[in-house]
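Order-wise, the sequence lines are chains A and B.
Take the first sequence: its position 15, counted from the start at 1, is 34 in the working numbering, and no numbers get skipped.
Take the second sequence: its position 285, counted from the start at 1, is 304 in the working numbering, and no numbers get skipped.
Calculated from the structure, these hints are not laboratory results.
A couple of the hints might just be wrong.
You can't tell identical chains apart in this list, so a pair holds if it fits in one copy or across any two.
What the hints assert, rightly or not - Cut-off 20 Å, straight-line C-alpha distance, at most; resulting in silico cross-link-like pairs (EDC-like, lysine to aspartate or glutamate):
(1) 332 with 364
(2) 21 with 70
(3) 47 with 275
(4) 412 with 208
(5) 199 with 30
(6) 21 with 63
(7) 332 with 161
(8) 332 with 353
(9) 134 with 217
(10) 199 with 216
Since the model is a prediction, treat every value here as computed from it, not as a measurement.
2 protein chains.
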Amino acid sequence: MKATILTIGDEILIGQIIDTNAVWMSQKLTAMGISVVERLTVSDEHGAIVDGISHCLKVSDIVLMTGGLGPTKDDITKVAIAHYLKVGMQYHEEVFDRIKEIFAPRNIPLTEAHKDQCYLPENVEILTNSMGTAPGMLWHHEGKQIVSMPGVPYEMKAIMSEELLPRLDLRLDKKVILHKTIMTAGMGESSIADRLDDIIERFDDELSIAYLPGLSQVRLRITAKGDDETLLQSKLDQSVLDVSERISDVIYGYNEISLQQALQQLCIEKGITIGTAESCTGGHLSHLITSVSGSSAYYQGSAITYSNALKRKMLGVKEETLKAHGAVSEQVVEEMVKGALEVLEVDVAVALSGVAGPSGGTVDKPVGTVCIAVGSHGVTYTRTILASKDRTKNIAYASNQALNMLRKYVLQAKIS
Amino acid sequence: MKATILTIGDEILIGQIIDTNAVWMSQKLTAMGISVVERLTVSDEHGAIVDGISHCLKVSDIVLMTGGLGPTKDDITKVAIAHYLKVGMQYHEEVFDRIKEIFAPRNIPLTEAHKDQCYLPENVEILTNSMGTAPGMLWHHEGKQIVSMPGVPYEMKAIMSEELLPRLDLRLDKKVILHKTIMTAGMGESSIADRLDDIIERFDDELSIAYLPGLSQVRLRITAKGDDETLLQSKLDQSVLDVSERISDVIYGYNEISLQQALQQLCIEKGITIGTAESCTGGHLSHLITSVSGSSAYYQGSAITYSNALKRKMLGVKEETLKAHGAVSEQVVEEMVKGALEVLEVDVAVALSGVAGPSGGTVDKPVGTVCIAVGSHGVTYTRTILASKDRTKNIAYASNQALNMLRKYVLQAKIS
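Construct the entire structure; sequences and hints are all you get.
Printed below as a string of structure tokens:
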């Protein structure tokens, strides 16, 4: 069964609101094994809506329409559907009863606009709206189905969950769709794709992979789609296993976990406390870590030493080191780690110093150069990266790199 | 000029990601006076993409395509465009040069996948991608235009802002549209609207106002649209003046300046240095401040004291104060300010301590309670706010409140 989603609304087309209705509908339909093949948004105009329905029914078995926040827009949609179906309008007493039922206890007088809501295009199957007055509507037309729902999110959700999906479920000849997402950090998409080339080539028709890149992270989503759930699950498991073995060095987790969540799990498991010393990232790393609920169980704090004076005073970085190598140097971040371990009293510390940009770059240390050190009272690892994007991206990229270095360091640390 | 937006991606159709690219593109096109008539999302399949292009060009003069996160998907899109245009592929040395330029300094070896990126459908006009390797592409075809851009948001935005929109601007038959945005902080949308009621009522047809609320901030965008630029400009200026006089107490700037940018201008002007002491915001405030280029001219650093132990050790908060009033108290943030002034050696410090949530709330101090103090060696101001949203929003809301308190404090400070 193929579905399309048709949303109606100028406020979506001018970018004033985000079409969260369509996102929610997509998720629900996909979870039921219904394939959403297209999503279309058209303006609040009669012709555009009629053409939209026509286009959607060309590529799918069912079109789900929403939009029209309010009576005026509902009217346009109803008239367009009647036009498309070549039918007239019919008055529905049961819709008016429902409106009375809702308004009576609130002492709201009924108006002509409420009567208008009760005229629906002929041959409709009414989908009761438990959250409001405008009903959902379903038509069967030439072997296909048209569904229209109000645009108010909680009304649409109620109609879809309580009325529409149970009906579709009964009629459905289902395909099973299974997903698993593999989370990686520290390697680019093309390099990963190259390493997985032969594995992906052996995927059969029921398996597919999608690469979803972020800043110093790539998510690999493997999808299995077919008829036999048991068989699909075993195919999916095997493919995830094959991929995981091949690139185990860059995988940090599965199913949409963030780097900071993976770090938190690991640190709590091992009883390791963490602190940060930041210069160019200016608190962003600390912010990422503390954006996870429960981070106080392992994260202690940070010294954000934006000025060189504070690098010396708070972290004990030596004047000579700053002079000899500059603030953006592996020597300085090593001393920052040492200072952080002491002042923050943590097991493992990470330090960053770099040129976030857009100004401050030199030939030797261009914008995007960031030195990162991670260490405990034993060994310290240091590296210099080149982010070379804009200021915001450089800060985010460097923070993610530091998170990944921290994670790798803690991974191999002995339990304290 | 009518435009359509065509996004490609199964991850959108299954509801895994929100198509924020399309929202941003809609806003930019609308702001230029280009009417977005439809938005269509299709799956990563050759036939669907070809049919999508065909549908979009039926209803518009230009179709803007994005999606294809990464080389694999870019390929599908490119092949579909070539198929639609009935042309072959052509190798572009300048695209390969750009890839080399990006990868050379990072010592990343170039692979076959990178060479594939350089084959583009014939007759292309290349739109340089300043943020990545995959170029934007533009074709002129039978009096209409096809644009294809990568799906990575910051790459798409760079191509659109730097390359595409300036080209469209030249070709556009324009109505004059003038905007001015008034930035406010510390008062809700309804309260502001109430205060402006009579002024807005007097706006003529060519003037309109939009309230764009954020976290503890509201942007007021006044738009003048018509034919006579000189007349429009004077109408716009007068309306901005009227509004500004009425609500001068909550305005911190104009035209999309951020609170942290306003703070930076003010501090540099007055020669005042700033430091922060953060607990519940975990570095977010420091991150906001340092996200502005040039912040090192006034911002020195921060003590992120997530644990109580560090509040004592780094900032000298007294054991008794913590015991008597709890970490989330006006007494503790006042001591944090005092400590921060000393350890960070700054003119003005701000401190925050609160319950970010979702856990940790009590009857007295529910989730969202945040104490904020700002002070210098003279006076300290303290307040307690209740954000009562989710963890992420509480952190952002409290940080914005602190920024506004800092700004007001510095505003009335004497020049040092």
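Against the structure, the hints:
In this assembly of identical chains, residue 332 and residue 364 lie within 20 Å of each other by CA distance both inside one copy and across copies; the values are 16 Å within and 10 Å between. Within a single copy, residue 21 and residue 70 get their C-alpha atoms as close as 19 Å, and across copies as close as 16 Å, so both meet the 20 Å cut-off. In the homo-oligomer, the alpha carbons of residue 47 and residue 275 lie at most 20 Å apart inside one protomer (15 Å), although the nearest pairing across protomers, at 31 Å, exceeds that limit. For the homomeric pair residue 412 and residue 208, the shortest alpha-carbon distance inside one copy (17 Å) is at most 20 Å, but the shortest distance between copies (31 Å) is not.
Taking CA atoms no more than 20 Å apart as the test, residue 199 paired with residue 30 passes between copies only; the shortest distance there is 13 Å, against 35 Å inside one copy. Taking the shortest alpha-carbon separations for residue 21 and residue 63, only the inter-copy value of 15 Å comes in at or below 20 Å, while the best intra-copy value is 25 Å. With identical chains, the CA atoms of residue 332 and residue 161 are never at most 20 Å apart, being 72 Å at best within one copy and 68 Å at best between copies. In this assembly of identical chains, the alpha carbons of residue 332 and residue 353 lie at most 20 Å apart only when taken from the same copy (16 Å versus 22 Å across copies).
Taking the closest pair of Cα atoms, residue 134 and residue 217 come within 20 Å of each other only across two copies (19 Å); inside a single copy the shortest separation is 62 Å, beyond that limit. In this homomeric assembly, residue 199 and residue 216 come within 20 Å of each other (Cα to Cα) only inside a single copy, at 19 Å, whereas the closest approach across copies is 52 Å.
Going down the numbered hints, you'll see the structure goes against just number 7.
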